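2 protein chains.
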Amino acid sequence: MVRRSGRRPGNQDTRTSILEAARASFAEKGYDKASIRAIAGDAGVDPALVHHYFGTKEKLFLAVMNAPINPGELIPQALEGPREHAGERLIRLAIGVWDSPAGTAALAVFRSALSNEWTARLLREFVVTQILRRAVGEIIEDQAEAPMRTALVATQVAGTMVARYVLKIEPLASADVDTIAAAVGPNIQRFLTEPMPEVFKQS
Amino acid sequence: MVRRSGRRPGNQDTRTSILEAARASFAEKGYDKASIRAIAGDAGVDPALVHHYFGTKEKLFLAVMNAPINPGELIPQALEGPREHAGERLIRLAIGVWDSPAGTAALAVFRSALSNEWTARLLREFVVTQILRRAVGEIIEDQAEAPMRTALVATQVAGTMVARYVLKIEPLASADVDTIAAAVGPNIQRFLTEPMPEVFKQS
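Quick mapping for you: the protein sequence lines, in order, are chains A and B.
Using the working numbering, read the first sequence as starting at 739 and increasing by one per residue.
Using the working numbering, read the second sequence as starting at 739 and increasing by one per residue.
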């Protein structure tokens with residue numbers, strides 16, 4: 739492998755040390771409680787160096803997960819725009835990513851979460867609690883409903899991924915994105931914005 | 739472990755040989771093309787002995803998969819009855835099984851399908867194509883729509899399982915079955931019986 743110019747072996751070792759410390763810290767404490775300061779301490783470097791290499795905690799996390807995309811940018815973008823088509827935009831985004839060259843890596847992270855407790859926890863805390871729930875909160879009225887609506891949206895998005903890319907159930911596995919958006923979009927929309935009195939009467 | 743009376747070691751060996759031959763045959767040929775006759779041949783026993791120990795091919799398959807339940811009996815039962823509540827009955831059945839003592843074993847089969855190509859193929863061929871699609875066919879009008887409607891139902895059922903039991907997304911993970919049925923049932927119902935002209939115009 740050709741080493742990129744300007745990156746010395748020492749830097750690569752530092753990056754690796756930081757990533758290892760971050761992986762251990764996220765696994766032990768979860769996304770919320772892990773801190774750049776503590777990760778830097780574990781790696782034996784200055785926190786400024788962690789910021790220099792990775793930027794924010796979010797980006798450090800994405801590097802640890804080998805994430806091919808940044809859902810923290812993509813999901814809020816998809817949910818912006820006319821509220822009544824947010825469900826369709828969300829599933830179009832998901833299919834678009836998974837059908838793209840980055841999809842193989844996204845599938846690897848997802849499969850890992852399905853068989854590995856700490857990846858599952860981090861996917862839940864990061865993608866669902868941090869990003870998706872915040873984006874859902876922007877478009878719904880009653881914020882008390884945000885956690886359940888977010889979880890329900892996650893069932894339909896994760897289920898589409900499992901059926902199409904993991905179990906490869908036809909004709910869904912070969913369907914084009916317009917067909918899937920027409921089929922699944924309105925169901926995500928119900929989870930996002932339609933009244934569900936029987937679901938929320940207890941809350 | 740105490741051996742049950744009436745089951746001699748020799749019988750146990752024969753059972754094991756049949757299960758091993760069946761596992762290999764299902765993995766190589768898929769559910770449809772595997773035959774009791776060929777499996778018996780591979781195990782070096784008479785086909786009648788396979789029937790004696792395991793009954794039908796379906797039951798042999800369930801034994802190979804260590805399936806804790808028989809979806810071939812449960813799913814058609816759930817879809818019988820008033821057509822307009824079939825979606826709710828289906829998700830109640832799924833949650834009921836997964837919350838029961840058999841749920842741990844069901845989760846193990848499901849996790850295996852998520853990380854293992856042949857388990858995925860068999861889950862797809864057996865549960866989806868053989869059982870769920872046939873049951874869906876019973877309650878829908880246009881049989882040409884059965885494969886896609888079945889795949890869509892599978893997205894919502896599998897997604898609920900992933901979100902509740904694997905990713906453990908709250909408040910869904912702790913919700914009672916009535917809440918989940920009220921939330922998810924109508925979405926499965928749409929996939930089962932509501933017109934979806936934009937999905938089926940191409941077919």
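In short, the hints are calculated from the structure, not lab data.
Bear in mind the structure is a predicted one, so any value in this text is a computation, not a measurement.
Heads up, some of the hints might be wrong.
Copies of the same chain look alike in the list, so a pair counts if it works inside one copy or between any two.
[As the list claims (entries may be wrong)] Restricting the straight-line Cα-Cα distance to at most 35 Å, the calculated cross-link-like pairs of lysine-lysine (DSBU-like) are: (1) 939 x 797; (2) 939 x 771; (3) 906 x 939; (4) 939 x 795.
Q: Would you pick out the hints that fail for this structure and give their numbers low to high?
A: The structure breaks hints 1 and 4; every other hint is satisfied.
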